[in-house]
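Visitor: Next come the chains, spelled out residue by residue.
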Amino acid sequence: MTSSSDIERRLDVTYRYFSHHIRTCTSVVVAMLDAVAEGLTDKSMTDMIMESGYLLDIYDRGMSVCFNHVLGKPHGIEIEEMDISHLIELYVKNAVSEEGAAVTSHLKGVKVLCDAYSFKSLFQILLQEGLSSSKDELKITHDSNKIYILPDKGYNEIQPIFAIFAEIFERTGIVMSYDKTSIILRFQDESINCR
Amino acid sequence: MRVLIADDELRLRKVVSLHLKKSGFDVYEAGNGQQAVDMAKELVPDIIVLDVMMPEKTGLEACAEIKGIKELASIPVVLLTAMAESDDIKKGREAGADEYLTKPFSPKELIDIIKSRT
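Protein chains in written order, with the working numbering: chain X, 1 to 195; chain C, 196 to 313.
So that you can see chain X by itself, here it is in the shape it has in the complex (with noise of 0.2 Å):
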């Protein structure tokens, strides 16, 4: 059973992790609306709103699919098949900045069966964390059963919010491992399928 000092530590972990996103995210809007405002902007910028937008959408699910997770509320979990590689496109699509570094993915045809709903909030936020931490290259792999996310310099550092993310897989059969170097998606043999 849970101690009420770990939920509150767990909680705190929690509120950490997102509140500096969705904070970060909304004050790059913000400042970016003034620009605009003031004719200050190309493209590049209109699409940074744009792109924080899109990531402030996916920590407010994240933090909801966290938060509920840590306090132990029940949740109806509806497995999915997701085609990975169009998750990624669609992260990339909407979330990167061609200024920054590249995702490079080779996973075409890999398909899971997963929560939809946290995994696709996850799955992107751990994508994000792979891009900050790239200097040139996110690359995601697959090998067997595993997916890896590998930035090119490693991780910046391990988040305390990885462990939460790990235990919230976990519910539907799918460990996930992390070190400096690379986070990895392990999933149940018939939970994974590459064509």
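Don't read these hints as lab results, they were simulated from the structure. The reader is advised that the hints may include incorrect statements.
Below are the SDA-like pairs computed for lysine to any residue, each with C-alpha atoms no more than 25 Å apart in a straight line [claimed, not checked]: (1) 217/C <-> 139/X; (2) 217/C <-> 289/C; (3) 111/X <-> 73/X; (4) 285/C <-> 9/X; (5) 303/C <-> 163/X; (6) 285/C <-> 269/C; (7) 209/C <-> 100/X.
Dock chain C against the given chain X, drawing on the hints supplied.
Guide: Using the frame of chain X, we list chain C on its own:
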């Protein structure tokens, strides 16, 4: 007037730099806390703006290190942070920060602070 701004979020760095440049400042950008310390030693800027949650070295650590260097100690440091709780502000003051601006902020707020400190 030279401003060193450190934030690991490229988009925020870029847009804040844009506003500062428009206001006539020379802007130098760092992507993490260690880079901020290294650039501060090299540039000796007029003011330093540090995000708190950064890789390599946090803004609090970078601030404390900068304030511990005799040649840099008098440079005003503005901490730019998402952490709005009073305890976090206290930590910023203890690290030697001169100002503390909570995200989200308007660029005008930051520019006003920079002008008042330089």
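Visitor: All hints, please: hold or fail.
Guide: Hints, verified against the model:
{"no.": "1", "hint": "217/C <-> 139/X", "in the structure": "violated, 37 Å"}
{"no.": "2", "hint": "217/C <-> 289/C", "in the structure": "violated, 32 Å"}
{"no.": "3", "hint": "111/X <-> 73/X", "in the structure": "violated, 28 Å"}
{"no.": "4", "hint": "285/C <-> 9/X", "in the structure": "holds, 20 Å"}
{"no.": "5", "hint": "303/C <-> 163/X", "in the structure": "violated, 38 Å"}
{"no.": "6", "hint": "285/C <-> 269/C", "in the structure": "holds, 20 Å"}
{"no.": "7", "hint": "209/C <-> 100/X", "in the structure": "holds, 12 Å"}
Hints 1, 2, 3, 5, counting from the list given before, are not met by this structure.
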